[in-house]
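Engineer: Based on the hints, put chain S in the right spot on chain D.
2 protein chains.
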Amino acid sequence: MVNLTMLTDFYQLTMMNGYLKSDKKDEIMIFDMFYRKNPNDGGYTIVCGINEVIDYIENLKFEEEDIQYLKSLNTFDEEFLKYLRDFKFDGEIYAVEEGTIMFPNEPIIRVKAKAMQAQLVETTILCIINFQTLIATKASRICYSAMGDSVMEFGLRRAQAPDAGLYGAKAAVIGGCIGTSNVLAGQKFDIPVLGTHAHSWIQSFDTELDAFRAYAKAYPTKTVLLLDTYDTLNSGIRNAITVFNELREQGYEPLGVRIDSGDLEFLSKEIRKILDSAGFENVKITASNDLDENTITSLKNQGAQIDIWGVGTKMITSFDWAALGGVYKLCAVVRDGKMIPKIKISEDPNKINNPGYKNIYRIYDKNDNKAKADLIVLDEEVINENEPLTIFDPIHTWKKMTFENFYVKKLLSPLFIDGKCVREKRDIKDIKRYTDEEKESFWIQYRRNKNPQIYKVDLSKKLWNMKNDLLENRNIL
Amino acid sequence: MVNLTMLTDFYQLTMMNGYLKSDKKDEIMIFDMFYRKNPNDGGYTIVCGINEVIDYIENLKFEEEDIQYLKSLNTFDEEFLKYLRDFKFDGEIYAVEEGTIMFPNEPIIRVKAKAMQAQLVETTILCIINFQTLIATKASRICYSAMGDSVMEFGLRRAQAPDAGLYGAKAAVIGGCIGTSNVLAGQKFDIPVLGTHAHSWIQSFDTELDAFRAYAKAYPTKTVLLLDTYDTLNSGIRNAITVFNELREQGYEPLGVRIDSGDLEFLSKEIRKILDSAGFENVKITASNDLDENTITSLKNQGAQIDIWGVGTKMITSFDWAALGGVYKLCAVVRDGKMIPKIKISEDPNKINNPGYKNIYRIYDKNDNKAKADLIVLDEEVINENEPLTIFDPIHTWKKMTFENFYVKKLLSPLFIDGKCVREKRDIKDIKRYTDEEKESFWIQYRRNKNPQIYKVDLSKKLWNMKNDLLENRNIL
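Protein chains in written order, with full-length UniProt numbering: chain D, 1 to 477; chain S, 1 to 477.
Check before you lean on any hint, since a few could be wrong.
Pairs involving identical chains hold if they fit within one copy or between any two copies, as the list cannot separate such chains.
Unchecked claim - In the BS3-like style, the derived pairs of lysine-lysine whose C-alpha atoms are separated by at most 27 Å in a straight line are:
| # | residue 1 | residue 2 |
| --- | --- | --- |
| 1 | K284 | K372 |
| 2 | K71 | K429 |
| 3 | K217 | K25 |
| 4 | K188 | K61 |
| 5 | K222 | K467 |
| 6 | K222 | K21 |
| 7 | K269 | K300 |
| 8 | K467 | K456 |
| 9 | K273 | K71 |
| 10 | K25 | K273 |
| 11 | K188 | K71 |
| 12 | K71 | K450 |
| 13 | K71 | K217 |
| 14 | K21 | K439 |
| 15 | K467 | K399 |
No lab work stands behind these hints, which were simulated from the structure alone.
Next comes chain D alone, as it looks inside the complex (with noise of 0.2 Å):
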């Protein structure tokens, strides 16, 4: 990735040359970024985009060309500008792993560093992960929907820009996809890239008939033909089988079909039937054309005869749900060492944020494995496995639960450390493989499209305390 730096909202240098000159150059903030809500009205999100944060905060560094550019706003003094020419970031970053499944309100990265540096990266790091947990999750919603069926990503024409086309393809992946049409995303991400042909390539012929003999004659092993230019039933699936046929002649077996256009509900069931009188029973039926979760399980519980899914504009733009709302909100600061908890108060109380320094411990059933909640602590708290756990709703105090025979894991680890990265970077693979680990750990009841279970997300009683505190007795206005 380029040098991203200059990529910040303005007010993040007014404010940095703002604590430059309140003498707040050495303060230390702490940052949270999280969300209020999942998208979609779902259940989760899985977060995605860590790399891509470790890439950012690595090459963070303001070229004399960008220099030269502030200076002209008549803005910035040559104080402020001889510290962005010096300017490292030196901060720790903790986050939880790429591809963690996690929940409104949980710190999925808090930062901690020098006022200055801490403000700078709020765009980027909320810009990044932002766009790329929405698509691993909506992809994960749209996978959750074909039932097991594969799912390609085919977007990059519909993408938001370049960037959200590759980096959303390799979301797509990470949230379920088997692979994507991006060529430059297969690239980069090492991960499998799709396609066959357009209806242009069929119109380029003087007949269908023309076009796919062409195509199975350059990929006779690999041959997929696309039926509706003209007319899927009476002349797409019709000249596909002669095809097909002089492909088995010649030794070959087709692999597929793909329709585009038309009632996928009664076309891929016609040509269920056809492919298979004529002795095709492997051909596979790929279909697309603005497909998302609601009509793939619309055409599924119609029992449609398609055995691919290729998804473009409603899954690379999260068409009906655009925007993740992370945020990066601040909850400490460090003064002569010593840790003062921050909030933003709200007439609604679902934006008041959880001051302090935390983590989050998940916590599991040893008897199943599987996640059974959350609790949001304080970083220097320590869960015992080996006694009882009682956690209770942070508004209706009176519902706990008690746990026994669980075991924890601390979602939030470190990425940065005095500004060296102590996190390798993850294979796509490796992290696509981890989601679905991540997939298994939690019952379908959280995970299921429609309707799903809330997961609790809990604060430990300390947390619980400070953050009432605040609210009570504040000699902040």
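Structural biologist: Only chain S this time, still in chain D's reference frame:
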């Protein structure tokens, strides 16, 4: 822009190889890029991204590492890999001017090149134009709703990956915004960057008043204070007035306040009253918080006292219409010097493309210089401005319209000829000015957000005949 050659769909490569193997290497293909539906059921789009298409085409080149990657896929032979190694775009591209107002089914970009070249560039051209056009159009809608108030683009943190933030900011400014929070976009496109401070600034001080004072001290001539960190009316505006009075005593005039949550209608009116009665009639109120054209229209209707609108997520992602469905369709091939028009047939008449090598005339009334209708024609057709011009609806052919006292403008003009770029990239400020003129050239009936009048886009008699001949006499199946 970097080399985006590999940012393409895999099927472009399999088709290219297929063309090579089918002796179609030197066949010329003509493709139109167009879209079928205006976003948000609006009346138009503002085309954006032409500068980046220039960059893309000029940087087309397969690097040796790309070739090695493609080789590793075990799909392509040495003949094809050699072709890619030597790949050079030497075709022709026509395009509208960036910032032009366009309508469904009108060619925005027309590519005429050897089959393999014309095919390769489909995906990236679509990716670039679809997104930037979407955002320029969304920004235009949002600015329309603000009725002349300033609108600022603030969406980077929610943009769909870094490129979307960067090019989205550019498109938003072309669409009508006064500036962006995105520093990189400011640097790269020479557009105004804007911003002051976040809640974290306020929280990082012991009290809100300390935070306001520190900001005013750092930026005495540019003081804008964020009011809603703790309690907008009981604390934020009171502390702001204190600091504004202190500023004034020092001889400075404060610029503004910002609110980012709560009931913007009620709060803005209360704040206006308090500011005015404290003698700060010139202090502007900026509001943000998940705004789009619908919420802004609603706030305007309620008389909200908001002077400047900060718009983030909903604009940078075009949240409620997250993709422009632009397509790239084969409309002709040239074989042995003969132009053969091509058509894609569909059950849905709206999905049948216009065949042939085309251009578009925009017809203006000489009296008021307003655009009256567009006429899609075969490229060789010339309109005589001194004779009456009659056009007809392509579906309801009895609906006719005759123009006298008109002049025409041809919308597609050369971008690349024989692979050479023949049009200079334009400054964003120039494009923005041109876009403003474009808007002026259309009556408001076509530009309003809700239920716009449908602007007339007809086909010339010659084109209409060609299309109907192809539909009636298809021997392509």
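Engineer: Hint by hint, note whether the structure agrees.
Structural biologist: Structure-based check of all given hints:
1. Taking CA atoms no more than 27 Å apart as the test, K284 paired with K372 passes in neither setting, with 40 Å inside one copy and 50 Å between copies.
2. Taking identical chains as interchangeable, the C-alpha atoms of K71 and K429 lie at most 27 Å apart only when they sit on different chains, with a minimum of 21 Å there against 44 Å within one chain.
3. In this homomeric assembly, K217 and K25 come within 27 Å of each other (Cα to Cα) only across copies, at 16 Å, whereas the closest approach inside a single copy is 68 Å.
4. Both within a single protomer and between protomers do K188 and K61 lie at most 27 Å apart by alpha-carbon distance, with minima of 24 Å and 17 Å respectively.
5. For a Cα distance limit of 27 Å, the shortest separation of K222 from K467 qualifies neither inside one copy, at 61 Å, nor across copies, at 35 Å.
6. Taking identical chains as interchangeable, the C-alpha atoms of K222 and K21 lie at most 27 Å apart only when they sit on different chains, with a minimum of 15 Å there against 66 Å within one chain.
7. Taking the closest pair of Cα atoms, K269 and K300 come within 27 Å of each other only inside a single copy of the chain (12 Å); across copies the shortest separation is 52 Å, beyond that limit.
8. Proximity of K467 to K456 under the C-alpha cut-off of 27 Å is restricted to the intra-copy arrangement: shortest distance 19 Å within a copy versus 61 Å between copies.
9. In this homomeric assembly, K273 and K71 never come within 27 Å of each other (Cα to Cα): the closest approach is 70 Å inside a single copy and 38 Å across copies.
10. When the C-alpha separation of K25 and K273 is checked against a cutoff of 27 Å, the pair qualifies neither within a copy, at 72 Å, nor between copies, at 37 Å.
11. In this assembly of identical chains, the alpha carbons of K188 and K71 lie at most 27 Å apart only when taken from different copies (15 Å versus 36 Å within one copy).
12. Within a single copy, K71 and K450 get their C-alpha atoms no closer than 52 Å, and across copies no closer than 44 Å, so neither meets the 27 Å cut-off.
13. In this assembly of identical chains, the alpha carbons of K71 and K217 lie at most 27 Å apart only when taken from different copies (20 Å versus 62 Å within one copy).
14. Neither within a single protomer nor between protomers do K21 and K439 lie at most 27 Å apart by alpha-carbon distance, with minima of 48 Å and 45 Å respectively.
15. When the C-alpha separation of K467 and K399 is checked against a cutoff of 27 Å, the pair qualifies only within one copy, where the shortest distance is 18 Å, while the shortest distance between copies is 69 Å.
When the structure is compared with the earlier hints, violations turn up for hints 1, 5, 9, 10, 12, 14 and for no others.
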